[in-house]
Amino acid sequence: MSLDKYLEPLSEPGPAGVDLYESGEIMTLDMLAKWGSPDDDPDWAELQQACIAALEKSRDLRPATYLAAALLHTQGLRDFCAGISLIRGLLEQHWDVVQPVLDEDGDAMERANAVFNLTHFQKVLKPLRTTALVEDRAAGRFSLQDIELAEGKAEPPAGFDGEIPPLGLIQGALQSMDAELRQSLHDAVKQCVDDIAGIETAFREQVGAEQAPDLARLRDGVKRIHATLSQYATGGGMDDKQPEEAQPDSMQSGSAPAPAAARGAPGDILSRQDAIAAMDRISAYFRANEPSSPVPLLMARAKRLVDMDFLDILQDVAPDAVDQVRRLGGVESEK
1 MSLDKYLEPL
11 SEPGPAGVDL
21 YESGEIMTLD
31 MLAKWGSPDD
41 DPDWAELQQA
51 CIAALEKSRD
61 LRPATYLAAA
71 LLHTQGLRDF
81 CAGISLIRGL
91 LEQHWDVVQP
101 VLDEDGDAME
111 RANAVFNLTH
121 FQKVLKPLRT
131 TALVEDRAAG
141 RFSLQDIELA
151 EGKAEPPAGF
161 DGEIPPLGLI
171 QGALQSMDAE
181 LRQSLHDAVK
191 QCVDDIAGIE
201 TAFREQVGAE
211 QAPDLARLRD
221 GVKRIHATLS
231 QYATGGGMDD
241 KQPEEAQPDS
251 MQSGSAPAPA
261 AARGAPGDIL
271 SRQDAIAAMD
281 RISAYFRANE
291 PSSPVPLLMA
301 RAKRLVDMDF
311 LDILQDVAPD
321 AVDQVRRLGG
331 VESEK
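Each residue of the sequence shown is one higher than the one before, starting from 1 at the first, in full-length UniProt numbering.
Note that these hints are calculated values from the structure, not bench results.
It should be emphasised that the depicted structure is a prediction, and the values quoted were computed from it without experimental measurement.
Where a beta carbon is used, it is the ideal one built from N, C-alpha and C, also for glycine.
Derived EDC-like pairs: lysine to aspartate or glutamate, alpha-carbon spacing no greater than 20 Å straight-line:
no., residue 1, residue 2
1, K5, D96
2, K190, D178
3, K303, D107
4, K34, E46
5, K126, D79
6, K34, E110
7, K126, E163
8, K5, D19
9, K126, D39
10, K190, E92
11, K126, E151
12, K57, D19
13, K223, E151
14, K34, E290
15, K303, D103
16, K57, D96
17, K126, D161
18, K57, E46
19, K126, D40
Quick list of the computed label-pair ranges, beta carbon to beta carbon:
no., residue 1, residue 2, range
20, K57, A197, 25 to 31 Å
21, A275, D178, 44 to 50 Å
22, K153, D40, 29 to 35 Å
23, T201, S292, 40 to 46 Å
24, G106, K153, 40 to 46 Å
Assemble the whole structure, with the sequences as input and the hints as a guide.
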């Protein structure tokens, strides 16, 4: 699937098109995506169509991110890679205008949080392990998880009740796969690894490393798929030497990539970006499940306070008290 048309600038009301937040369509997409409900899968086909409709009139990272995830579920790995390429293109080609817009001070946290959605374990990382890498009419379909279980490189995940396929069966299916198709999938996944790095680089170059989303788990997961496909892209086999880029598995469970102890358990908040992403997920849950709740409004205000110092926060929440606090602290009032 080619998504290049969604990189073309729009004209009305500007090059980035419609503001989907003002139109209320972002709220609709959040409700469809169910990102705040880890165990509740959306209707992926419906979400895909809604994202495409949104991208027809807006250049926005939020529907682009949801679209990539939806394509993984509805179309497979190759189209997921096309979705990642679209996100990179939006950042590199339309940084100044792409939605969500930068804050007045140039803060890009909303953009980073939109892209960080790609590290959702249940919606993206886990499905990457189970999406088909090869389908054979006689042997069946096999995923990265199937291959690593057969090789003995991974333990069955919690709740696994299937059978581990024989390694020889998987080898036969991969080796009998059309050579051009196998090579093109390998190349698409390799490009996906590059595109993920390009997304991170775009943020670092524009707003610095502190505001860049941490996509390490996604990048490492796609690298593992690429490493597996690399063994067969030129007719090799499972006994060939593993490419150096293969990383310890960060998709087997909710755990983070090695060194795991440095990253903490899944859901741990280890940085300001993690905290803001958590607030966004809380807001998404209440918008989707309790539309009348004031929580999203309170979360939006809390996010605004994150980068403020004490006096700035006081000015925001209790402006009448600022002068008194300045006097107590011996701080001169601003002229």
